[in-house]
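Just so you know, the protein sequences line up as chains G and H, in that order.
Residues in the first sequence are numbered from 1 upward in steps of one, following full-length UniProt numbering.
Residues in the second sequence are numbered from 1 upward in steps of one, following full-length UniProt numbering.
Keep in mind that the hints are not guaranteed to be accurate.
All copies of an identical chain are treated as equivalent in the list; a pair is satisfied when it fits inside any one copy or across any two copies.
To be verified - Restricting the straight-line Cα-Cα distance to at most 20 Å, the calculated cross-link-like pairs of lysine to aspartate or glutamate (EDC-like) are: (1) K115 / D286; (2) K326 / D221; (3) K6 / D218; (4) K433 / D412; (5) K367 / E478; (6) K437 / E8.
Keep in mind that the hints were calculated from the coordinates and are not lab data.
2 protein chains.
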Amino acid sequence: MSETSKVEQVDLVQANILAAGANKKSVRVVNGLGSLMGSKNMVDVDFEEDSNMDYLLRKDQEEKEKYKNAKHISEMPWTLSNWHLHINWLNMILTVGIPLVGLYFAFSGKVPLHKNVLLFSIFYYVLGGVSITAGYHRLWSHRAYSGRWPLRLFFAFFGAASVEGSIKWWGHSHRIHHRYTDTVRDPYDARRGLWFSHMGWMLLQPNPKYRARADIADLTDDWIVRFQHRHYILIMLLSAFILPACLCSYFFNDFKGGLIYGGIIRVFAIQQATFCINSLAHYLGDQPFDDRRTPRDNWITALVTFGEGYHNFHHEFPTDYRNAIKWYQYDPTKVFIYGSSLIGLAFNLKKFSQNAIQQGLVQQQQKKLDRKRSHLNWGTPLTQLPVWDKEEFKKQSKENPGLVVVSGIVHDVSGYITEHPGGEALLQAALGKDATKAFNGGVYLHSNAAHNVLATMRVAVVKEGVDAAARFAARRGESLEGKKLV
Amino acid sequence: MSETSKVEQVDLVQANILAAGANKKSVRVVNGLGSLMGSKNMVDVDFEEDSNMDYLLRKDQEEKEKYKNAKHISEMPWTLSNWHLHINWLNMILTVGIPLVGLYFAFSGKVPLHKNVLLFSIFYYVLGGVSITAGYHRLWSHRAYSGRWPLRLFFAFFGAASVEGSIKWWGHSHRIHHRYTDTVRDPYDARRGLWFSHMGWMLLQPNPKYRARADIADLTDDWIVRFQHRHYILIMLLSAFILPACLCSYFFNDFKGGLIYGGIIRVFAIQQATFCINSLAHYLGDQPFDDRRTPRDNWITALVTFGEGYHNFHHEFPTDYRNAIKWYQYDPTKVFIYGSSLIGLAFNLKKFSQNAIQQGLVQQQQKKLDRKRSHLNWGTPLTQLPVWDKEEFKKQSKENPGLVVVSGIVHDVSGYITEHPGGEALLQAALGKDATKAFNGGVYLHSNAAHNVLATMRVAVVKEGVDAAARFAARRGESLEGKKLV
Ligand code: HEM
Ligand code: HEM
Ligand SMILES: [Fe+2]
Ligand SMILES: [Fe+2]
Ligand SMILES: [Fe+2]
Ligand SMILES: [Fe+2]
Numbered sequence: 001m002s003e004t005s006k007v008e009q010v011d012l013v014q015a016n017i018l019a020a021g022a023n024k025k026s027v028r029v030v031n032g033l034g035s036l037m038g039s040k041n042m043v044d045v046d047f048e049e050d051s052n053m054d055y056l057l058r059k060d061q062e063e064k065e066k067y068k069n070a071k072h073i074s075e076m077p078w079t080l081s082n083w084h085l086h087i088n089w090l091n092m093i094l095t096v097g098i099p100l101v102g103l104y105f106a107f108s109g110k111v112p113l114h115k116n117v118l119l120f121s122i123f124y125y126v127l128g129g130v131s132i133t134a135g136y137h138r139l140w141s142h143r144a145y146s147g148r149w150p151l152r153l154f155f156a157f158f159g160a161a162s163v164e165g166s167i168k169w170w171g172h173s174h175r176i177h178h179r180y181t182d183t184v185r186d187p188y189d190a191r192r193g194l195w196f197s198h199m200g201w202m203l204l205q206p207n208p209k210y211r212a213r214a215d216i217a218d219l220t221d222d223w224i225v226r227f228q229h230r231h232y233i234l235i236m237l238l239s240a241f242i243l244p245a246c247l248c249s250y251f252f253n254d255f256k257g258g259l260i261y262g263g264i265i266r267v268f269a270i271q272q273a274t275f276c277i278n279s280l281a282h283y284l285g286d287q288p289f290d291d292r293r294t295p296r297d298n299w300i301t302a303l304v305t306f307g308e309g310y311h312n313f314h315h316e317f318p319t320d321y322r323n324a325i326k327w328y329q330y331d332p333t334k335v336f337i338y339g340s341s342l343i344g345l346a347f348n349l350k351k352f353s354q355n356a357i358q359q360g361l362v363q364q365q366q367k368k369l370d371r372k373r374s375h376l377n378w379g380t381p382l383t384q385l386p387v388w389d390k391e392e393f394k395k396q397s398k399e400n401p402g403l404v405v406v407s408g409i410v411h412d413v414s415g416y417i418t419e420h421p422g423g424e425a426l427l428q429a430a431l432g433k434d435a436t437k438a439f440n441g442g443v444y445l446h447s448n449a450a451h452n453v454l455a456t457m458r459v460a461v462v463k464e465g466v467d468a469a470a471r472f473a474a475r476r477g478e479s480l481e482g483k484k485l486v
Numbered sequence: 001m002s003e004t005s006k007v008e009q010v011d012l013v014q015a016n017i018l019a020a021g022a023n024k025k026s027v028r029v030v031n032g033l034g035s036l037m038g039s040k041n042m043v044d045v046d047f048e049e050d051s052n053m054d055y056l057l058r059k060d061q062e063e064k065e066k067y068k069n070a071k072h073i074s075e076m077p078w079t080l081s082n083w084h085l086h087i088n089w090l091n092m093i094l095t096v097g098i099p100l101v102g103l104y105f106a107f108s109g110k111v112p113l114h115k116n117v118l119l120f121s122i123f124y125y126v127l128g129g130v131s132i133t134a135g136y137h138r139l140w141s142h143r144a145y146s147g148r149w150p151l152r153l154f155f156a157f158f159g160a161a162s163v164e165g166s167i168k169w170w171g172h173s174h175r176i177h178h179r180y181t182d183t184v185r186d187p188y189d190a191r192r193g194l195w196f197s198h199m200g201w202m203l204l205q206p207n208p209k210y211r212a213r214a215d216i217a218d219l220t221d222d223w224i225v226r227f228q229h230r231h232y233i234l235i236m237l238l239s240a241f242i243l244p245a246c247l248c249s250y251f252f253n254d255f256k257g258g259l260i261y262g263g264i265i266r267v268f269a270i271q272q273a274t275f276c277i278n279s280l281a282h283y284l285g286d287q288p289f290d291d292r293r294t295p296r297d298n299w300i301t302a303l304v305t306f307g308e309g310y311h312n313f314h315h316e317f318p319t320d321y322r323n324a325i326k327w328y329q330y331d332p333t334k335v336f337i338y339g340s341s342l343i344g345l346a347f348n349l350k351k352f353s354q355n356a357i358q359q360g361l362v363q364q365q366q367k368k369l370d371r372k373r374s375h376l377n378w379g380t381p382l383t384q385l386p387v388w389d390k391e392e393f394k395k396q397s398k399e400n401p402g403l404v405v406v407s408g409i410v411h412d413v414s415g416y417i418t419e420h421p422g423g424e425a426l427l428q429a430a431l432g433k434d435a436t437k438a439f440n441g442g443v444y445l446h447s448n449a450a451h452n453v454l455a456t457m458r459v460a461v462v463k464e465g466v467d468a469a470a471r472f473a474a475r476r477g478e479s480l481e482g483k484k485l486v
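Using the sequences and the accompanying hints, generate a full structural model.
Printed below as a string of structure tokens:
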């Protein structure tokens with residue numbers, strides 16, 4: 001019989017083109033620096049052409065030509081003369097430089113922190129944070145639910161305040177991360193270490209060889225996404241820095257405080273929290289659903305990211321609008337989405353079935369258990385034991401009087417007679433005999449533990465008892481691997 | 001082939017006689033009220049004959065005759081005229097009456113509690129408690145280790161201070177409890193409810209029909225056990241009441257306080273704590289090793305009984321000198337025994353192998369997991385699916401275009417196309433085709449969850465792919481139960 005079904009196979013090339021969205025003519029979106037703060041070179045989706053994809057594929061081709069003979073900078077060792085080429089300076093300024101300036105003003109005491117500004121900054125942190133988690137992430141990247149335009153507008157504006165790039169760029173990278181988790185194409189490849197997945201991926205020049213594409217036609221179909229991407233730099237400056245500064249100036253008469261704490265330092269905090277999802281959430285915590293890949297559940301990361309820390313669940317059930325399913329797990333983003341659905345701003349909330357979720361848990365637990373089981377001594381497998389008939393058993397018993405039959409299996413209990421918790425006499429009385437009934441309740445209903453101890457003493461199978469032995473082994477979870485005993 | 005091996009069976013009658021110790025002529029031990037505070041009628045080991053067993057068997061016989069026609073009181077309903085016959089008045093006085101007197105003196109303020117007496121009482125509680133747990137229980141009842149005579153003397157004297165009967169009586173009941181756990185012969189049968197297993201069993205007249213015997217020849221072989229049993233009433237009065245009263249009188253000038261707090265109330269406390277092992281420890285807590293019987297692990301019971309609360313472990317591994325094996329579990333009795341072994345007072349400490357202990361954990365976890373698994377929908381088992389050849393698949397595809405083959409199995413994804421997290425287009429492109437490769441990494445390496453969702457859509461097996469299907473099912477833990485697919 002042939003290995004594979006003879007039914008026509010799916011055309012993989014064609015399907016991969018579909019998956020990358022390369023079949024679609026995207027609407028024209030003029031570049032507005034929306035990929036600021038991303039590895040622009042890695043998941044570039046800006047274009048000047050009518051079709052996003054045509055432009056990208058052409059650029060891929062150009063780069064291929066360029067690096068045919070020459071090595072890309074990411075493949076070269078760091079030297080005194082080339083180190084500055086390894087670094088993505090724009091990202092360095094946005095995620096390290098500006099925060100340093102802010103921290104200088106804060107810690108030097110030049111801009112003192114007032115209580116009102118602090119409270120405002122925390123409030124504004126939440127606005128920007130939830131816009132990323134409920135908007136950028138669960139709504140746009142994963143289509144875990146649908147949102148009406150006022151909600152989407154809110155997310156687009158305050159999401160920009162977190163300075164993590166445009167929805168379009170963010171969603172594209174994120175879909176690639178999910179499709180290629182833990183591979184060279186994963187932008188934040190967690191296998192490359194904590195630092196790389198935290199900030200390294202974005203501060204260094206990525207290797208264009210490992211570029212990936214994902215279909216984001218549904219994003220560019222949304223006028224809010226297009227608008228935000230086009231005017232990203234303006235919207236970002238406004239929502240991230242100017243608005244908080246002006247609000248603090250108006251209400252608390254503290255423009256500088258608003259700029260430093262409500263702007264720069266708040267942005268720094270939310271950026272770091274988000275980066276933690278790529279680093280810590282792939283590094284620290286439990287793997288209740290699947291441990292073949294790096295994502296992990298961790299309440300600490302959940303705490304700073306409004307519930308995104310249940311990352312093992314999330315990678316397993318990415319289109320679920322929830323990241324946490326237990327009542328005691330912290331997932332305010334889920335509550336926010338659910339709340340929005342109650343007032344009609346969100347709808348079509350998606351959930352994986354409870355059945356599928358429970359299956360994942362059971363499968364992972366089984367895996368862990370099998371691993372534990374494989375480290376223990378369960379006694380010689382029946383298939384590796386010789387088969388004795390009654391005469392052989394009698395003969396062997398004469399040479400070694402310490403033999404006892406239980407459930408069709410011969411055991412050598414010689415070394416156990418003085419150890420037997422039920423006393424020497426009883427075991428002695430069973431030597432050379434079949435003690436199946438006595439062992440199983442006729443005298444004493446032995447525990448599981450006793451069965452396990454017994455199994456370590458196996459020496460043979462009795463011919464007349466092979467069926468009993470096989471049934472007994474099956475009840476114990478031992479597999480005969482399709483082999484017959486005789 | 002016959003069910004049972006033809007090897008000679010162990011003689012069950014003979015073996016049960018051995019197990020009850022009925023083959024032995026015990027040394028003569030004159031009754032000294034040592035079974036005080038036990039269900040004397042149930043596990044009576046007093047005798048006036050040369051042989052313990054002859055006497056007991058004769059009494060069994062007498063009782064059998066007596067209740068041949070008449071019902072025993074325990075089988076009769078409670079009435080106004082017979083209620084007092086249901087009750088074991090001696091035990092009632094010892095475990096309820098005297099404590100009530102003590103509590104009266106304490107709460108009425110007639111005997112005030114001084115700090116020194118309190119501290120002494122706690123100290124004395126520990127002496128008596130450890131003598132029960134390390135001595136009565138682990139040393140004598142379970143032979144979990146051996147002890148030199150000074151240690152045994154210590155246990156025999158201070159064990160009597162807890163007023164729980166003689167070692168001989170206690171050990172006998174306890175061995176019966178382990179041999180017949182959760183049966184009518186279990187003196188503290190936990191299935192009869194919390195109250196019965198706590199004190200009911202001892203305050204009521206037990207049914208002699210369910211009397212059991214256990215071999216305690218090793219106990220009567222110990223002169224300390226014989227001596228303590230012979231002079232139990234004296235030793236008990238001395239160690240439980242007179243000594244603490246005198247010590248408190250001598251050191252703190254408080255004879256009455258010593259008698260009430262160091263004697264009566266302390267005894268009441270230790271009795272109740274011990275009773276908790278029969279009641280709470282069979283009722284409240286986890287069952288990490290075996291859930292076929294009632295014993296449970298519980299740190300609360302462990303706390304008041306010097307570590308005896310890990311009762312699920314204990315019933316599974318009764319001859320282990322430990323009751324708790326994790327470092328964070330509270331088992332000071334284990335530490336006491338280990339300490340005694342360091343100074344040579346204890347030796348031959350027995351442990352079950354770590355292998356056997358881990359096996360118990362794994363087996364119980366497997367049981368729980370299987371239970372969870374059986375409540376979930378894993379898709380139609382392969383053996384219940386029709387087998388289609390390629391032509392049949394083509395024909396069926398014409399009628400229902402929503403069919404996709406993955407791993408030799410036909411799935412009807414009609415209802416899932418718009419739901420597919422990877423987009424409609426990709427699924428659409430797979431209709432009527434074999435998507436095995438695309439599904440398994442060719443386009444996207446689907447998660448476990450995706451495989452589980454897929455399984456719920458099964459409709460048939462492709463003839464050319466039965467092998468692939470069987471292998472796939474095996475990897476998923478589905479058993480074909482020895483059936484062939486074609
Ligand atoms: C053949 C190998 C045997 C092994 C490995 C074995 C093992 C054990 C173990 C581990 C216990 C401790 C309690 C438990 O875990 O359930 C036990 C208790 C006991 N065994 Fe065995 N046993 C064997 C044979 C027998 C036979 C043939 C008899 C009777 C004819 C017997 C009678 C008892 C009794 C009566 C107890 C109860 C002791 C008590 O709780 O007081 N055993 N045995
Ligand atoms: C036949 C039934 C199918 C089912 C039940 C199914 C199920 C799923 C599920 C549950 C996901 C979410 C992510 C995950 O759990 O791994 C997913 C994602 C995906 N599926 Fe499928 N799938 C099917 C067929 C296909 C086929 C035939 C293809 C490709 C030709 C495909 C391509 C994808 C891709 C590319 C994703 C990734 C989406 C992303 O993370 O951006 N699926 N699928
Ligand atoms: Fe991730
Ligand atoms: Fe995600
Ligand atoms: Fe028990
Ligand atoms: Fe015990």
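Violated constraints from the hint list, given by number and in increasing order: Per hint list: 1, 2 and 3 violated.
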